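> Chain by chain, the residues run as shown.
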Amino acid sequence: MVQIVKDILAAATLVFGFTSLVLFIADAPVLDAFKHIWLGSFASTMKFSQVLAVWVPLILCSCGLLFAFRANLWNIGIEGQVIMGAIGGMAVLRFPGLENPVLILTLSFIAAMITGGAWGLLAGLLKTRGGVHEIFGGLGLNFVAQGFILWLIFGPWKRPGIASMSGTELLPHKLWLSSPPGWRIAYAGLVVAICTLILTWLFLYKSKLGLKLKAIGKNPRAALLYDISPEGYYLLSIIICGAFAGMAGFMQITAVYHRLIPAISSGYGYLALLLVMLAGYRIVPIPFLALFFAGLNVGAIQLPIVLQVDSTLSGVIQGCCVLSALFVLGMRQRRKQL
Amino acid sequence: MIGDIPSSVLVASVLAASAPLVIIALGEMISEKSGVINLSLDGAVLFSAMVAFVVAKESNSLVFGFLAGGCAGMLTGLVVGYLSIYLHLSQVAVGFALSLLCRDLAYFLGNPYSRIQGPTLISSKLPFHDMLPEFLQKILTQPLTVPFALTLVAVLIWFFKFSRTGLQLRSVGENPAAAFARGLNPSKIQLFSVLAGSFLVGIGGAAYSLSLKPGWGRPQGAEGIGWIALALVIFGSWQPCRVAAGAMLFAFLQVCGIGLQNLFPTIPSQVFQTAPFPLMIFTLVLMHYSTRKTRKHGETDSGLQKWLGILFMARAPKSLGKSYRQE
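So the protein lines, in turn, are chains L and S.
For the first sequence, position 48 (counting from the first letter as 1) is numbered 48 according to the working numbering, and the numbering increases by one without interruption.
For the second sequence, position 231 (counting from the first letter as 1) is numbered 1231 according to the working numbering, and the numbering increases by one without interruption.
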């Protein structure tokens, strides 16, 4: 126990030291930067609701990634799966003729899961049938999805008159997921995220599916001897991951942006990859670390205005967290061996 | 064929556009040959591009700029090398995290330098420029990165085929335990090849911000290049010549994209820029199918398949991505 606390302190010191060094090089006041990140994320309920709005898609993506990582798959394609989910959801929302908002939103939610899952399946098939490593297949599909969404925004779905990077037309108000007055987060988003967390925990730790995925992740050949076909479970895990990512895409269009923009995924897919790595591929730390990462993201938004430094500082801290954690982990393993 | 670009301009621009990519992909190839995947490429390219531009701007010297870019690349290589070779952490995990970290670090630190003019490596004429026909003059008037990239291809072919050090490096990538038994130090050789490779990656990054897409900004224009370079190494099946050919093919597709955009002005340019990526996946799938049969049965009956097999034969270093523990 003492060792764990020591390790965490060591990693935190590394992160703090490195970030301070970076800020020092950029000639920015070190303590002020941390203070403003705090003020910009957790200091008021309005800000906190923004943090939660980032927390929801992060949780959805991370839960999906847990499935993929369990089967030892590196689903880098999650970024594209978020985008495709948003596109699929948007396609239903734009469908003329339907009147009942609840029905449309439900259909849109399902469509987002299906398109996200299908995009995941494609990356999975490229791996199992096409012999393309999932990292390259996934990355390629990310770029394809990015191209597709740009084409939609500038082509068929452009705003009447002008097509621009600011995205498609705003959705009618009745298709916005309702949120508490003054808050930037929808009830439905929070409920879905928490349900997903619980379901993921149940499936991965309490069901046969979780056990089989683990067996395949640890040793695909031995799993084959126990009559577990790796291909089927690889595909299943990546479809689940894609569907969860699609849900995140749905939340982005109905609860946050209320339209389709080129950067609809906001890099949350990649951020979730970092998050899951930092959590050591376990579910328990994920909600807390997601809150931390989301706080960094939201808190860094106002840095360019108050301190004239770029908001990518949040990304620097997040990446540094993961590397420091890995470093401390490596040191610990090394100590054990000696 | 594509818009109205004369063929000499086309060849010249493909050569110029491919040079940094060739350097980056070959750098990655060196470290993969020794068994280490350096997945931090995409961030490392941006980071070194930023460092190179800032140093070149401050010192007003291109040489310092390129050297600084190389050193910045080497720094990323040191992190990947130390964490994955000596601490036995997952190469993919370290590389991916470092890639995102370096990208954001580049944007953060480079922010004050964005969208300003800086020193640029201009195309230089060959000494016997005037003796050449006009067609060749256009093609051969290139920035120094182009001859550097082409020389690098030749040097690496020689290095891996004929030199003793190259053989040692390859043996570590194939079977580190056997290499150790022969008296080599696999960890040290791996670390050195990662450092050498990432130095080249840094030079390649510098070639972006100082020559091909001069200046720094967000986006810089080198985004996604690292991932392409990683795919090119597989596409080129870890052979310098084919890696370079792949890089040129990719540059050709990018140049075609610009030509196509003139034909279809309504479609945003970003759509065309993404086109080479799916093509890359398609080629990798094709490689898989054409080599699978050849590998299984040795020889195949169909002549076409045999040729495809030879054309696309790819064999990765045996212990690529595996961490070696000395026993």
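These are computed hints drawn from the structure, not numbers from a lab.
Warning: the hint list may mix true and false statements.
[As the list claims (entries may be wrong)] Some chain L residues close to chain S (C-beta under 7 Å, calculated; not the full set):
(1) GLY17
(2) THR19
(3) ILE104
(4) LEU105
(5) GLY147
(6) PHE154
(7) PRO156
(8) PRO160
(9) GLY161
(10) GLU169
(11) ILE305
(12) VAL306
(13) GLY319
(14) VAL328
Predicted model only: the values in this text are computed from it and were never measured.
Glycine included, every Cβ here is placed at the ideal spot set by N, Cα and C.
> Hint numbers the structure violates, sorted upward?
The structure conflicts with hints 1, 2, 3, 4, 7, 8, 9, 10, 11, 12, 14, although it agrees with all the remaining ones.
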